[in-house]
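Peer 1: Sequence:
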Amino acid sequence: MSALKSYTFGPAAGGAPTSMVILLHGVGADGQDLLGLAPVLAEKLPHTVFVSPDGAQPFDMAPMGRQWFSIREFTQEAMERGVKESAKIVDDFITEQRDHYGLKDENIALLGFSQGTMMALYVAPRRAQKLAGVLAYSGLLAGADGLNGDAICKLPIHLVHGGMDPVVPVGFYQMALQTLENKGFPVTGKMIPYLAHGIDDAAIETGSEFLQSHLGH
Numbered sequence: 001m002s003a004l005k006s007y008t009f010g011p012a013a014g015g016a017p018t019s020m021v022i023l024l025h026g027v028g029a030d031g032q033d034l035l036g037l038a039p040v041l042a043e044k045l046p047h048t049v050f051v052s053p054d055g056a057q058p059f060d061m062a063p064m065g066r067q068w069f070s071i072r073e074f075t076q077e078a079m080e081r082g083v084k085e086s087a088k089i090v091d092d093f094i095t096e097q098r099d100h101y102g103l104k105d106e107n108i109a110l111l112g113f114s115q116g117t118m119m120a121l122y123v124a125p126r127r128a129q130k131l132a133g134v135l136a137y138s139g140l141l142a143g144a145d146g147l148n149g150d151a152i153c154k155l156p157i158h159l160v161h162g163g164m165d166p167v168v169p170v171g172f173y174q175m176a177l178q179t180l181e182n183k184g185f186p187v188t189g190k191m192i193p194y195l196a197h198g199i200d201d202a203a204i205e206t207g208s209e210f211l212q213s214h215l216g217h
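Here this note's numbering is used: position 109 in the sequence shown is 109, and no number is missing along the way.
Do not take every clue at face value.
[Claimed, not checked] In silico DSS-like cross-links for lysine-lysine, where the CA-CA straight-line distance does not exceed 25 Å:
#1 K84 - K44
#2 K88 - K154
#3 K84 - K183
#4 K88 - K44
#5 K88 - K130
#6 K130 - K104
[Stated by the list, open to error] Across the chosen pairs, the derived CB separations fall in these ranges:
#7 E77 - A12: 16 to 26 Å
#8 A78 - P166: 14 to 24 Å
#9 G149 - Q32: 36 to 46 Å
#10 D200 - T179: 21 to 31 Å
#11 N182 - K5: 31 to 41 Å
#12 E106 - T188: 13 to 23 Å
#13 D60 - A16: 30 to 40 Å
#14 Q76 - N182: 11 to 21 Å
#15 M175 - K88: 19 to 29 Å
#16 K88 - D60: 16 to 26 Å
#17 E43 - G102: 22 to 32 Å
#18 E209 - E73: 31 to 41 Å
#19 T75 - G15: 46 to 56 Å
#20 S70 - G14: 34 to 44 Å
Please keep in mind that the hints were generated in silico from the structure rather than gathered at the bench. Just so you know, these numbers come straight off a predicted model, no measurement behind them. Yeah, the Cβ is synthetic: ideal placement off N, Cα and C, and Gly gets one too.
Given these sequences and hints, build the entire structure.
Peer 2: Okay, structure coming up:
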């Protein structure tokens, strides 16, 4: 049994899925938060199952919600330490869901928001097999120094960020885009000038196109 409680949607077309999107939420939310994106994304991915787990820990700054790691200490070192501590839980969850649905890593994409993006960008390149891609909303890149060597999977990544994000300023998007390019990843980006810390219609549209191009049938 998985260590993480999760919520699912699809496939919209019925039958067994031919691909999967795993959605990793931001701090203080839970697995149901991002699952609201699934019906919209399923319009272009009718044979995809969407799986959204709760974060590994209770949110430690409010009575409700979940987190992947604590943000009480908001420093680069603390972020990297937190990501590493929860990485195996997320990695194991991907493998469990892959095996449950009888899929391959190449049939699976990760979608992250904020802290969930940090987890996705850390875990996916370090998988033993290459995933289909990472759709990364409003996050930052942790553990960049470890993105070298033959063990790293250079999978497609699409970064989407609001130009008016007050939580994770757009400079982190620009830094992640440049770093991933320099490390040899096939990375693309979309900065939405008027968007704050969230996912709007424009963000959904560009993300949906990315997922369809790497999971579409």
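Peer 1: Now tell me, hint by hint, if it's right for this structure.
Peer 2: Evaluation of the provided hints:
1. K84 - K44: violated (33 Å)
2. K88 - K154: The given pair, whose Cα atoms are some 19 Å apart, holds under the 25 Å limit.
3. K84 - K183: holds (20 Å)
4. K88 - K44: Violated: K88 and K44 sit about 31 Å apart, past 25 Å.
5. K88 - K130: holds (16 Å)
6. K130 - K104: holds (9 Å)
7. E77 - A12: 16 to 26 Å: violated (43 Å)
8. A78 - P166: 14 to 24 Å: Taking Cβ atoms as reference, A78 and P166 lie about 20 Å apart, which means the hint holds.
9. G149 - Q32: 36 to 46 Å: Between G149 and Q32, where Cβ atoms are some 37 Å apart, the hint holds.
10. D200 - T179: 21 to 31 Å: holds (26 Å)
11. N182 - K5: 31 to 41 Å: holds (38 Å)
12. E106 - T188: 13 to 23 Å: holds (19 Å)
13. D60 - A16: 30 to 40 Å: 39 Å Cβ-Cβ, so the 30 to 40 Å window holds.
14. Q76 - N182: 11 to 21 Å: Since Q76 and N182 have Cβ atoms about 18 Å apart, the given range 11 to 21 Å holds.
15. M175 - K88: 19 to 29 Å: holds (26 Å)
16. K88 - D60: 16 to 26 Å: holds (20 Å)
17. E43 - G102: 22 to 32 Å: holds (24 Å)
18. E209 - E73: 31 to 41 Å: holds (37 Å)
19. T75 - G15: 46 to 56 Å: With a Cβ separation near 47 Å, T75 and G15 satisfy 46 to 56 Å, so the hint holds.
20. S70 - G14: 34 to 44 Å: Distance hint for S70, G14 holds at roughly 41 Å.
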